[in-house]
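All chains, please: the whole structure from these sequences, using the hints.
Going line by line, the protein sequences match chains A and B.
Using the working numbering, the first residue of the first sequence is number 1, and each one after it goes up by one.
Using the working numbering, the first residue of the second sequence is number 1, and each one after it goes up by one.
Worth flagging that the hints you see were computed from the coordinates, not collected in a lab.
Model, not experiment: these values are computed from the prediction.
Treat the hints with care, since some could be wrong.
What the hints assert, rightly or not - Derived lysine-lysine pairs resembling DSS-like cross-links, with alpha carbons at most 27 Å apart:
id, chain 1, residue 1, chain 2, residue 2
1, A, Lys528, A, Lys543
2, A, Lys572, B, Lys325
3, A, Lys326, A, Lys305
4, A, Lys305, B, Lys305
5, B, Lys572, A, Lys325
6, B, Lys255, B, Lys572
7, B, Lys543, B, Lys326
8, A, Lys572, A, Lys255
9, A, Lys326, B, Lys572
10, A, Lys325, A, Lys305
11, B, Lys305, A, Lys572
12, B, Lys255, A, Lys255
13, A, Lys305, B, Lys572
14, A, Lys572, B, Lys326
15, B, Lys543, B, Lys572
16, A, Lys344, A, Lys325
Claimed, not checked - Residues on chain B that point at chain A, a partial pick, calculated with CB under 10 Å:
id, residue
17, Gln155
18, Thr157
19, Ala161
20, Asp164
21, Arg329
What the hints assert, rightly or not - Among chain B residues calculated to face chain A with C-beta under 8 Å, some are:
id, residue
22, Thr579
23, Ile580
24, Phe591
Beta carbons: idealized from backbone N, C-alpha and C, even for Gly.
The residues making up each chain are set out below.
Protein chains: 2
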Amino acid sequence: MKHVHARLLALPILLALAAPIRAQQTTAVVPGSVPEFGTMWTFDAPPLEYWQTRYGFEATQAWLDHLRLSSIRLPGCSSSFVSEDGLVMTNHHCARSCIDQVSSADHDYLHNGFVAETREDEVRCPGLYVDQLVSIEDVTPRIRGAVAAGTDAMQVTQRDAAIDAVRNECEASSGLRCQVVAFYNGGMYSLYKYRRYDDLRLVMAPELETAFFGGDPDNFTYPRYDLDVSFLRVYENGRPFHPENWLSWSEAGAKDGEPVFVVGNPGSTGRLLTLAQMEYLRDVDYPARLADYQRRLDALYALSKTSPEAARRYENTIFGIENSKKAYRGYLDGLLDASIMQRKEAFESDFRARIEADPALREQYGGTWDAIADAQLELATFATQSRYYALNGSTLLGWAIDLVRLSRQAELPEAERLPAFQGSGLDRVRQGLLRDRPVDTDLERLQLAGWLTAAQDALGAADPLVRALLKGRTPEAAAAALVGASELADAGARASLVEGGLAAVDGCADPMVQAVRDLEPVANSYVKRAAALNAVISANTAKLGQAIYAAYGTALPPDATFTLRISDGVVKGFPMNGTIAPYKTSFYGLFARAAEFDDQPPFQVPARWRDRENQLDLNTPFDFVSTADIIGGNSGSPVVNRAGEVVGLVFDGNIEMLPNRFIFTDDVSRCVSVHSMALIEALRRVYDAAHIADELQGRNR
Amino acid sequence: MKHVHARLLALPILLALAAPIRAQQTTAVVPGSVPEFGTMWTFDAPPLEYWQTRYGFEATQAWLDHLRLSSIRLPGCSSSFVSEDGLVMTNHHCARSCIDQVSSADHDYLHNGFVAETREDEVRCPGLYVDQLVSIEDVTPRIRGAVAAGTDAMQVTQRDAAIDAVRNECEASSGLRCQVVAFYNGGMYSLYKYRRYDDLRLVMAPELETAFFGGDPDNFTYPRYDLDVSFLRVYENGRPFHPENWLSWSEAGAKDGEPVFVVGNPGSTGRLLTLAQMEYLRDVDYPARLADYQRRLDALYALSKTSPEAARRYENTIFGIENSKKAYRGYLDGLLDASIMQRKEAFESDFRARIEADPALREQYGGTWDAIADAQLELATFATQSRYYALNGSTLLGWAIDLVRLSRQAELPEAERLPAFQGSGLDRVRQGLLRDRPVDTDLERLQLAGWLTAAQDALGAADPLVRALLKGRTPEAAAAALVGASELADAGARASLVEGGLAAVDGCADPMVQAVRDLEPVANSYVKRAAALNAVISANTAKLGQAIYAAYGTALPPDATFTLRISDGVVKGFPMNGTIAPYKTSFYGLFARAAEFDDQPPFQVPARWRDRENQLDLNTPFDFVSTADIIGGNSGSPVVNRAGEVVGLVFDGNIEMLPNRFIFTDDVSRCVSVHSMALIEALRRVYDAAHIADELQGRNR
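The structure is reproduced here in C-alpha cells:
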C-alpha cells in the first residue's frame, strides 16, 4: 500500500497547490475527545494521534491495510471476508434479495432459514457482487485544475468531464473499477480503485423471524435481540476464493468498555449543513414530509382494515413508510433538541471565525453562509406551493402532470426545458408513462382525497389548484369522481396521449388531464424558482466544503459518501428512560421479550429456537452497543477489536442515534451490533452449522 | 355502609348550606374519558357513570364496601387483607423496618428472606399497625360553620379548633381512630373513622435482591423485574384475626387490556396548583433544588472515591438523594413539557370561566389566581437571597445561625418572633442544638465549599453573605478554615452557648458564629417577607379549593391526602424509546437483565433463584403496568379486577408518571405492579411456601 502512505506524506504539498492559502494549522479536534463531525475516517487520513490519546492504541499501516482489504462493499451495504476460504459476513437484510431469489415454492429460505451443509450446497446469488477497495489516490489538483472561471453550470460541466476522464483513464489502465469520490462537497477529490468479485453464493441465513425479531416496533431501537446475519462465499473460477486479507475471529467477543472499530460504507450524513439548512429542514421540509407519510399511512391502514388479504397486500408498503417516518421523526427530534442546535451553532461560529480571520479565505468564502441562508429563506416562502404544485397526490395525478409537461416540454429547445426534461430526462419521463403498471384504485381514491384535503388546508379554498381539482366538491367526492372518470390507469390510453403529442393532450377530455393543464404553467414557475435557489445553495455548499477543508484539513472527517470508512468507539451502555440500557443483550432476553408480548408477531421465537432452548447457554451475549459512528450503508460492517479480530456485526443504530445525521454525539446514541459469541452459539446449537462456526474460528485448519 | 350511601344522597343539600351558590351543574368530566385531575376517587364519591361508560362496569355499593374494608393503611403505605385468616399483603419496602427489626446477628432476613413455615414461626413486628377505614362522613358544614369572620390567622385557629372538637368527640363516642380530612385545600371536610389493628406478624419476605432487583437505576422505571412483596398477618388476642372482608385471588391475574382498580392511600399531589405556582416550581424552586442535590452528591461521590469503607458509609445517603433527584428531575421535565402546561392552561381557563360566569362566585373567588400569581412573582424576586440566607450550607453553619437566632429570639415577646420560634418552636430549636450528633468534618468541608461556590455565583462577590463568609478567600480555603476553627461540632460547646444566652453568643469568638451574627438581621428579613407572601398563597389556595368544589363538585377527585382512594385504569403497554414497552415482564426477563449486566449488583439474581431456575416456568408474568392513577403512599396497594379479585400488587410508577403530580395523563405514564401469578409461582417454586400460596388461592379451605 505504498501509495496510501505516500498520499499521507504528500498531502500538505498537494493541498498547497489546490488551496494556496491555508488557514491556521490548529485543528478543531482535541486529541482524545470525540470530534463533533464524528469518526467516519477515510483510510488515507486515519486519526492516529487521536486514537493514541483516546485509547492508547497505535494503529500501524499494516493494521489499516488489512482492515481495508478484508472489507468489501455489497451494493447498499457493507461486508467482510471472515475466512481464508472467502466466507463473507453481512446482514440478513443485506442478502435478503438473494435469499428471496434462491428460494422456490418448495424451499422458503426467507422464513425457514438456509444452511449449506457442504460447499456443493452453496447457492449462487444472481447478479450479486462485492467491491474491494484496493487503493486511494488524491486527485484534487487534477479535478480542481480542470475547472476554469465561468458560470456555475459551466464549472459543473468542466468538473464532471474531469471526473469522467480520471475514471476512464483509471479503468483503462488498471482493469479495476474506478470511482472519483468528492469529499467535503467537492473540497477534496479522491480516486478509489476497486476489485470486483461477482460470484457470491449463499452459505447460511437464519429465518427472518430471528434476523428481524421485534420487526417494525424494535427497528432503530435497543435493547435488541436480532441475529441479523447471513454468510456468503466469494467464488472465483468456480472455486472458493482465498483472499489475502480476511478477519480472524475473537474468542471472547465485544467486552464492556473496550475500544472497537467499525469498517464499512456509511451512505450519507449532513454534518456540513449550515444552521440555515438545518432550520429549513426543521421548520419546513421535515414537518411536511412527516405529514405526507402520515397521510399515506392513514390511507393504507384504512384499506388494511377491510380484509386480511388487504392487510397482507399493504404490509410491506406500510412497513417501508413507517420505517421512513420513524427515521425522519428521529431526525426532526434531533433538530428540535436545543442542545444539539447549540452545538451546531458553536461549531458554525468557530468555523466562520476561522474564515473571517484570514483575509483571503474571507474574500473567497465569507459570503457563503448568508447566501445559503437567504436562499433557504426564500425557498421557505413558497415551499407549500412547491409541494402541492408538484401534483403528486396520487399515481394518476402524477401521470397527468407528466403527460401535460411532456407534450409541452418536447416543443421547447433543450435549454429552455425544465431540468427534468433536459438531456435524457425527456425520454425517461416518456418511458415512465408508457410502462404498464397496475393502479390500485381504492388506494388512489383514498390517497388523492387525503392529499386534496391537505392541499385545501394548506393553500386555502381560493387557490387555483384547489379550485381546479375540487370544483366545489368535497375532497372525497372530487377524488372519487376524478379517479372514477380518468382513463389514465389504462396504459394504452396513456400511450396514445404520449404518441399524440401536444395536440392529443390539449384536446384530451380526461378530467385529470383537464384539471392539470391549466395548472402546469404555475407549477413550472415554482419548479424553476426552486431550481434557481437550489443551484445557489448547491454552489455555496460546494464552497463550504472547500472552506472547511481549508480551515480544518482532514482533521474533521468528511460527510459520508458510501465509500469505505473506519469509525471508532467504545462498547458501552447508555442512560435510557430513567435507567441504564446494558451494553449487551442475551439469549434470555429473546425469550423474555417474546414471553412479554405473549409470543405474538413480530415477537415470536421461531420453533427451531424453542426446540433448542435447553441446549443453548441463555447467558450468551446476543446484541451489543458501542459509540462507533455509523449510518445507513454501514449495515453488515464488521466490528473489530484492537487486534483486528471480529467481535461483532453492525446491523442498526438506536433511535437516539438518528440526530447524528447532523452532528455527532455519543451520550446516548449507539451503534447496534450482533455479538460474535451469539453467532457462534447460534450456528453450533440452533442451526447445526458447526462447520461454519469452525471455519470462522479457524478450527478447520 | 348506610351512611356512605346517605352521604352521597345528602351531598347537594349539605353543600347548599356551606356554599349557597353552586356553579353550573355540568362537570368537567366527560363520562368515559379520563379526567385530567386523575382518578383518585374517594369512596363516598365513586364515579359510577364514568366507570359504566368507560368499562361497561357497574360497581355496586357492596363491591365498593368490600374493597374499602379489605384495604388497610400501613404507616406510609397501603396494604390489604388477602385471606380469611388475616393475611396481609404489602410491599417489601413497606415492611422493611419490621424485617430489619426481627432480624438478628444470626438471621439476616433482609438479605436472605424470611418464610414462616407455621403460624408459630410468624414473628411480631414491633410497633407496627394498620388502620381500616370503617366509615366516612361529611363534616363540611360543621367545620366551615365554626369559622367566623376575622383575620386569616383567627380563621385558621377557629377551623383547627373545630377539627379537633369533631375528632375528639368521634373518638370518645366510637372508640375508633378518627381523622378529619380536608379535601380541595379545605373546600370539603370529611370525618374518617378507622379501626386499628396493632398486632402484625411477619409471614414472608423475599430477599432484598429480589424485592429491589435493579436497585437505584431501575427505581421509578419499567420494564421491571421486582418481587416487591411481603406478607404479614393480623393477630387479635394472640390468634390470627378473621376479617369479614378480604380479597380473593384471581387465578389468571392481570390480562392485557383489562380494566383494573387500585385501592390505597396516595399521599400528595399538586393538581390544584395554579399555573403561576407551577411556573414558580419550574423556573425557581426545582432548578435550585436539583442544583442543591447535585452539589451534595458531588461532595458525597468525591468522598466515596477515597476508600471502599467511605463508599459503604455514604451509599445510603447517596441513594436517598439520587432518588429525590430522579423524582424532582421527572417533575421538572413534566413542567418543561409544553403539552402538559397547555393542558393545565386549558383547565385553568375553563375553571376561571366558570367562576367568572357566576357573579357571586366571581365576587368570592375571582381574585384568587392573581393574588397567588402576584405573591409567587414577588417570592421569585428574592428567592435566591432566601435560599442562601437560610445559611444551611452545612450542619455547622446551620447550627451557627440557630444559635444566634435562639439567643436573640428568646429575648423577644412571642408575637414578634419568627414563626419557627413561636410556641413550642423555640424549645425545639434548643433541643436540636443540644442533641449530641457526630459531625463528618470531611463532608462538612466539601459541602460548605460547594455551597459557598454556589452562593458566590448566585449572589455575586459583593454580597454581604459572601463577603462575611469568604473574607476574600476561595470557597475551599474559607470552608477549610471555618470548619477547622469552629468548635460547634462539640456538643458541649454548643450547650454552653445555648445556656449562656445572648451574652454568650454575642461574645463568642467562633468564626462560624461571628460570620453569621452580622447576617442574621438580613436573613430574618427574608424569612419574614417570604412568610407573609406564603400566607397569602396559602389563604388563596384554600379559597381555590372551595372554588373548585363549588364549580365542579366531586366530579373532579380531590388532591391526594394519604387517605383511602380507589383509582381505575387499564392494563396496557406504552410507547417507549421508539418501540413498545410490553404490558408485562417475565421471569425470563429477570435472568436476561442479570445476564446483560454480567450479574453485577444491583442486577444479580440471588442464589435461590438460580438454584430453582429449572423448576420455574420462566414465561410466568413478573411485573405489569396499568394506567391506574397512583403516587407515593400507594405502595402496597392491591390491584383488583372487576370481580374484586387480586391481580397484582402496586409497588412503583414508571419515570414517565412523575409529571402526573401536576396533571394526570395516561399516554405513557404507568403504575407498576407485581403480577399475582409471579407471587404464586415464586412462593411455590422458589420459597417453598406452598402453604402461603394455598392460603392466597383459597386451597386450604
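Taking the earlier hints as the rules, which of them does this structure contradict? Those not satisfied are hints 4, 7, 12, 15, 17, 18, 19 and 20.
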